Amino acid sequence: MPQDIAINGDNAVALAWKQIDPDVCAAYPITPQTIIVEKFAEYVANAEVSTEFVCVESEHSALTLCTSSASAGARTFTATASQGLAYMWEMLPITAAMRVPLIMAVANRAVSGPININNDHGDAMAARDCGWLMLFSENVQEAYDMSIVAPRIAEHHSVQLPCMVNLDGFVLTHAIERMTMVETQDVKSFVGEHKPLYPLLDVKHPVSHGNMDGPDFYYPHKYQSVIAMQKALEVCEEVFADFKKMTGRDYHLVEEYKCDDAEFIAIILGSSFGTMKATVDKLREKGIKAGCAMPRVFRPWPVEALAKAMAGKKAVAVYDKHLSIGSYGPMFPEVVAAASDLDKLPKMYNVIYGLGGADATVAGFEKSFQAVVDGKAEKIHYLGVRL
Amino acid sequence: MVMASISDLVVGGRIIKPGNSEQFNTGDWRTYVPVVDQDKCIDCGQCWIYCPDNSVVFREGHMSGFKLTHCKGCGICSKVCPKNAIVMKEE
Amino acid sequence: MTTLAIKDLQQLPVRLTSGHRLCAGCAESIIAKQIMMGSEDPLAVSLSTGCFEVSTTVFPYTSWNTPYIHTAFGNGAATCAGLETAYNALKKKGKITENINFVNFAGDGATYDIGLQALSGAMERGHRMLYVCLNNEAYMNTGIQRSSATTIGAQTTTSWPGTVSSGKKEFSKDLTQIMVAHNIPYVAQVSPHNWRDTVQKAQKAFSCGGPAFINALSPCPRGWRFASDQTIAMAKLGVETCVWPLFEVVDGKYELTGESARIASGKVEKKPVMEWISSQGRYKHLLQDRWEPVIEQMQKEVDRRWNKLIKLSEL
Numbered sequence: 001m002p003q004d005i006a007i008n009g010d011n012a013v014a015l016a017w018k019q020i021d022p023d024v025c026a027a028y029p030i031t032p033q034t035i036i037v038e039k040f041a042e043y044v045a046n047a048e049v050s051t052e053f054v055c056v057e058s059e060h061s062a063l064t065l066c067t068s069s070a071s072a073g074a075r076t077f078t079a080t081a082s083q084g085l086a087y088m089w090e091m092l093p094i095t096a097a098m099r100v101p102l103i104m105a106v107a108n109r110a111v112s113g114p115i116n117i118n119n120d121h122g123d124a125m126a127a128r129d130c131g132w133l134m135l136f137s138e139n140v141q142e143a144y145d146m147s148i149v150a151p152r153i154a155e156h157h158s159v160q161l162p163c164m165v166n167l168d169g170f171v172l173t174h175a176i177e178r179m180t181m182v183e184t185q186d187v188k189s190f191v192g193e194h195k196p197l198y199p200l201l202d203v204k205h206p207v208s209h210g211n212m213d214g215p216d217f218y219y220p221h222k223y224q225s226v227i228a229m230q231k232a233l234e235v236c237e238e239v240f241a242d243f244k245k246m247t248g249r250d251y252h253l254v255e256e257y258k259c260d261d262a263e264f265i266a267i268i269l270g271s272s273f274g275t276m277k278a279t280v281d282k283l284r285e286k287g288i289k290a291g292c293a294m295p296r297v298f299r300p301w302p303v304e305a306l307a308k309a310m311a312g313k314k315a316v317a318v319y320d321k322h323l324s325i326g327s328y329g330p331m332f333p334e335v336v337a338a339a340s341d342l343d344k345l346p347k348m349y350n351v352i353y354g355l356g357g358a359d360a361t362v363a364g365f366e367k368s369f370q371a372v373v374d375g376k377a378e379k380i381h382y383l384g385v386r387l
Numbered sequence: 001m002v003m004a005s006i007s008d009l010v011v012g013g014r015i016i017k018p019g020n021s022e023q024f025n026t027g028d029w030r031t032y033v034p035v036v037d038q039d040k041c042i043d044c045g046q047c048w049i050y051c052p053d054n055s056v057v058f059r060e061g062h063m064s065g066f067k068l069t070h071c072k073g074c075g076i077c078s079k080v081c082p083k084n085a086i087v088m089k090e091e
Numbered sequence: 001m002t003t004l005a006i007k008d009l010q011q012l013p014v015r016l017t018s019g020h021r022l023c024a025g026c027a028e029s030i031i032a033k034q035i036m037m038g039s040e041d042p043l044a045v046s047l048s049t050g051c052f053e054v055s056t057t058v059f060p061y062t063s064w065n066t067p068y069i070h071t072a073f074g075n076g077a078a079t080c081a082g083l084e085t086a087y088n089a090l091k092k093k094g095k096i097t098e099n100i101n102f103v104n105f106a107g108d109g110a111t112y113d114i115g116l117q118a119l120s121g122a123m124e125r126g127h128r129m130l131y132v133c134l135n136n137e138a139y140m141n142t143g144i145q146r147s148s149a150t151t152i153g154a155q156t157t158t159s160w161p162g163t164v165s166s167g168k169k170e171f172s173k174d175l176t177q178i179m180v181a182h183n184i185p186y187v188a189q190v191s192p193h194n195w196r197d198t199v200q201k202a203q204k205a206f207s208c209g210g211p212a213f214i215n216a217l218s219p220c221p222r223g224w225r226f227a228s229d230q231t232i233a234m235a236k237l238g239v240e241t242c243v244w245p246l247f248e249v250v251d252g253k254y255e256l257t258g259e260s261a262r263i264a265s266g267k268v269e270k271k272p273v274m275e276w277i278s279s280q281g282r283y284k285h286l287l288q289d290r291w292e293p294v295i296e297q298m299q300k301e302v303d304r305r306w307n308k309l310i311k312l313s314e315l
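Residue numbers (the numbering used here), protein chains in the order written: chain A, 1 to 387; chain B, 1 to 91; chain C, 1 to 315.
In isolation and in its complexed conformation, chain A is listed as follows (with noise of 0.2 Å):
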């Protein structure tokens, strides 16, 4: 029987983890992320787990370590947050080219400077071009539930990618909520046994990987994972739609909140998707027909389900917690990409809010969201700056 617990998101991972069991997990702590690696090296202390557990000296050995463990054949777990991110950045593409199923939980935190230990979304999105398949979670149940979906999809012989599994720090790693567990041995059953392929380590095949192309090859290269990441769009539904039948909750590309009949829409990741609906909630008591998206799968980019949720809407809000300064939040080019075929182009805008932490309410929500729907609203609004 699947039991309720009172967890924070970090140990949730950690949970998740221990129950998967990886083969090997290198990581080095950052704040928010260190719970994960403390409780997981719990696990390791009293053979809880069977993992191999390497205490790297930064991050970028650690994504390293772990790259090469995954090339080995070893399912290889890691994490970590800003900063360390940051460290890590040089390998992030490599180890999409390589094409190892590695899994890292990404506890969102603003990236330096100035230096900000609080979340958004500007580490992952600064990595959004490194070719690795990106969840988000809204809430604690849902880092969990992400953490067990992630190897199945990334593992898939037809994917065969890295994926960041995204949880807002502090807000959803710290912070306890409600959670129901899935019991370990269907974790097992659910996330089975790794099949590499290559495995670095058959010595009767040997493997050269990593090796040096020129203009004739990279390109090619490149493109297997551009196929790869349209097969994982599929995978991705057929992976939600298991997990569906072993636990009840239903996920999505897209996961959609009133939208059906909406005629104004918010476009939101994170933990902040859960103030949105509640800022729905309201703003539809004064007779607004509002609803809110979140592209869940954020790469690859879930263009159809997008489109198919802006269909008909008189305008689209997108609301990111990350900004390129010079341009647009990460998420509003893509999504006025995505509804560049439809028949009549929503109002598209943007509005950055939550920077290094700074507070997202339902009240700051609400008024940005009432300027769309007034037509008031500026192209880029930055939420919550007073000049």
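No lab work stands behind these hints: they were computed from the structure. Misleading hints may appear alongside valid ones.
Pairwise CB distance ranges, derived in the manner of DEER restraints [as the list claims (entries may be wrong)]:
#1 C/Ala181 to A/Asp250: 55 to 63 Å
#2 A/Thr184 to C/Leu4: 52 to 60 Å
#3 C/Glu296 to A/Ile325: 53 to 61 Å
#4 A/Leu387 to C/Gly143: 20 to 28 Å
#5 C/Lys7 to A/Pro93: 43 to 51 Å
#6 A/Ile325 to C/Lys91: 27 to 35 Å
#7 A/Cys55 to C/Lys91: 18 to 26 Å
#8 C/Ala227 to A/Glu90: 56 to 64 Å
#9 A/Asp129 to C/Lys169: 35 to 43 Å
#10 A/Asp216 to C/Glu170: 36 to 44 Å
#11 A/Pro93 to C/Lys300: 41 to 49 Å
#12 A/Glu90 to C/Val250: 32 to 40 Å
#13 B/Ser64 to A/Gly192: 52 to 60 Å
#14 B/Ser5 to A/Glu238: 22 to 30 Å
Capping the alpha-carbon separation at 20 Å, the derived lysine to aspartate or glutamate pairs in EDC-like fashion look like this [as the list claims (entries may be wrong)]:
#15 C/Lys92 to A/Asp21
#16 B/Lys17 to A/Asp202
#17 A/Lys222 to B/Asp8
#18 B/Lys17 to A/Asp213
#19 A/Lys204 to C/Asp41
#20 C/Lys91 to A/Glu234
#21 C/Lys93 to A/Asp202
#22 C/Lys93 to A/Glu48
#23 C/Lys95 to A/Glu234
#24 C/Lys92 to A/Glu234
#25 C/Lys311 to C/Glu275
#26 A/Lys204 to C/Glu98
#27 C/Lys95 to A/Glu304
#28 C/Lys91 to A/Asp202
#29 C/Lys95 to A/Asp213
#30 A/Lys204 to C/Glu40
#31 C/Lys92 to A/Asp202
#32 C/Lys91 to A/Asp213
#33 A/Lys39 to A/Asp21
#34 C/Lys92 to A/Glu48
#35 A/Lys245 to A/Glu234
Treat the numbers as computed from the prediction; the structure is a model and nothing was measured. A virtual CB, placed ideally from N, CA and C, is assigned to each residue, including glycine.
Given chain A, put chains B and C in place with the hints provided.
Showing chains B and C alone in chain A's frame:
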């Protein structure tokens, strides 16, 4: 330049044919080619162990010549031979 | 262990094939082959970015007859550690049964400088792996720029001799000592002219059961400016002048080997550093009168390190 076809590529940029650089001939790099005087050669193997390109050929314990498809003509073999049995000749 | 007769070494599997793009006369493949002869068990090899990596794996060709991996530049030690960690995990679960040895090859750039952190971390954590530095004393692959392994007075493209400069100003970093300070089971210096010494040391390194570090002098015809047939002669001269002594440190105990042992015991005369300098174009400018003090500095420092090494070997 025409880019490679995807269908020829293994996942992840891997090469699954170990040691296939044997098919890539570096012999056309050289200006000088080594020539061995078998009367002077004592099959000591110094040329073999110092050749950077596996281009000294031993058959049944005897130095039988050079792998000219790959020899780059560096001249190390001629310098290390204790019997001066190898000379470098302009090719 | 394999005996050290060339006839027997010739029976070992060829782990690095022909067809790589290293310069004619490059020492790196010579060193790598000698090192790999030290492992009878299967080997998994990782490389840091550099001449060796680029030259042996130009897609779609690979010169590696062993499992091979390369990820990036400053992380060779971590890459190798990842293979070793996965091995431990998979062996524990019965998915691998044979013994596999692990080795990372890297240049001095990838070892002394950008790769030092990852190397230190891997050595400290006790991974069962051998790290071999192919020390050609500069960032050769990018065009001969100075590294912290470059010797004083050497010309590189970022330490030019000029009207106000005598080449590199600093002495080379003594990385081998830094590795000894990590208290790992095995540390050694080798030079490819003494293949017997190199293979023996590799055997010890692969069987020490923990982290091992071997620093190999890798003379570079292109970067040091000498004729391509002089590579082995240059490797020998480096040892004979005590610029690059041959020694090993087994569980903290120092021992000189090869020619260095014979020099220390007085059987062979130590050659002056001037012979080293006058044999390579990268030091050509030092032959000018005004840079004589630099040669004196170099000799003094070579002597200081050499005498210290002798004392350490007597402990």
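Now for the hints, and whether the structure bears them out:
1. Distance hint for C/Ala181 and A/Asp250: a CB-CB separation of about 58 Å, consistent with the stated range 55 to 63 Å.
2. Range check, A/Thr184 to C/Leu4: Cβ separation about 54 Å, and the 52 to 60 Å hint holds.
3. Taking the beta carbon of each, C/Glu296 and A/Ile325 are about 56 Å apart, inside 53 to 61 Å as hinted.
4. Distance hint check for A/Leu387 and C/Gly143: the Cβ-Cβ separation is about 51 Å, which falls outside the suggested range of 20 to 28 Å.
5. A hinted range of 43 to 51 Å holds for the C-beta pair C/Lys7 and A/Pro93, which are about 48 Å apart.
6. Separated by about 49 Å at the C-beta atoms, A/Ile325 and C/Lys91 break the suggested range of 27 to 35 Å.
7. The hinted range of 18 to 26 Å is satisfied by A/Cys55 and C/Lys91, whose Cβ atoms lie roughly 21 Å apart.
8. For the hinted restraint 56 to 64 Å between C/Ala227 and A/Glu90, the CB-CB distance of approximately 38 Å leaves it violated.
9. Against the hinted window of 35 to 43 Å, the Cβ-Cβ separation of A/Asp129 and C/Lys169 comes to about 41 Å, which satisfies the hint.
10. At about 42 Å, the CB distance of A/Asp216 to C/Glu170 agrees with the hint of 36 to 44 Å.
11. For A/Pro93 and C/Lys300, the Cβ-Cβ distance of about 48 Å falls inside the hinted range of 41 to 49 Å, so the restraint holds.
12. Checking the proposed 32 to 40 Å range against A/Glu90 and C/Val250 shows it holds: the Cβ atoms sit about 36 Å from each other.
13. A beta carbon spacing of about 54 Å between B/Ser64 and A/Gly192 agrees with the range 52 to 60 Å that was offered as a hint.
14. Hint check: B/Ser5 to A/Glu238, Cβ distance near 29 Å, so the stated range 22 to 30 Å holds.
15. Proximity of C/Lys92 to A/Asp21 is assessed by CA-CA distance (about 14 Å); at most 20 Å being required, the pair is judged to hold.
16. Of the supplied pair hints, the one linking B/Lys17 and A/Asp202 holds, its CA atoms being roughly 13 Å apart against a limit of 20 Å.
17. This hinted pair checks out: A/Lys222 and B/Asp8 have alpha carbons roughly 14 Å apart, not beyond 20 Å.
18. Taking the CA atoms of B/Lys17 and A/Asp213, the gap is near 16 Å; set against the 20 Å cutoff, the hint holds.
19. Among the hinted pairs, A/Lys204 with C/Asp41 is consistent with the structure: their alpha-carbon atoms are about 12 Å apart, no more than 20 Å.
20. Restraint check for C/Lys91 and A/Glu234: not satisfied, since their Cα atoms lie roughly 35 Å apart, outside the 20 Å limit.
21. A threshold of 20 Å between alpha carbons decides the hint, and for C/Lys93 with A/Asp202 the separation of about 15 Å falls inside it, so the pair holds.
22. About 15 Å separates the Cα atoms of C/Lys93 and A/Glu48, which keeps this hinted pair within 20 Å; it holds.
23. Taken as a hint, the C/Lys95 and A/Glu234 pair is broken in the structure, with Cα atoms around 31 Å apart against an allowance of 20 Å.
24. Between C/Lys92 and A/Glu234 the alpha-carbon distance is near 35 Å, which puts this suggested pair outside the 20 Å criterion.
25. With a CA separation close to 25 Å, the supplied pair C/Lys311 and C/Glu275 exceeds the 20 Å bound.
26. Taken as a hint, the A/Lys204 and C/Glu98 pair is honoured in the structure, with Cα atoms around 11 Å apart against an allowance of 20 Å.
27. The suggested pairing of C/Lys95 with A/Glu304 is violated, with an alpha-carbon distance near 42 Å, which exceeds 20 Å.
28. For the suggested pair C/Lys91 and A/Asp202, the alpha carbons sit about 12 Å apart, so the restraint of at most 20 Å is met.
29. Restraint check: the Cα-Cα separation between C/Lys95 and A/Asp213 comes to about 32 Å, which exceeds 20 Å; the hinted pair is violated.
30. For the given pair, A/Lys204 sits about 15 Å from C/Glu40 by alpha-carbon distance, which is consistent with the 20 Å threshold.
31. Between C/Lys92 and A/Asp202 the alpha-carbon distance is near 15 Å, which keeps this suggested pair within the 20 Å criterion.
32. Distance restraint check for C/Lys91 and A/Asp213: the Cα-Cα separation of roughly 33 Å exceeds the 20 Å cut-off, and the hinted pair is therefore not satisfied.
33. Restraint check for A/Lys39 and A/Asp21: satisfied, since their Cα atoms lie roughly 13 Å apart, inside the 20 Å limit.
34. The suggested pairing of C/Lys92 with A/Glu48 holds, with an alpha-carbon distance near 15 Å, which does not exceed 20 Å.
35. The straight-line distance between the Cα atoms of A/Lys245 and A/Glu234 is roughly 17 Å, inside the 20 Å bound, and the hint therefore holds.
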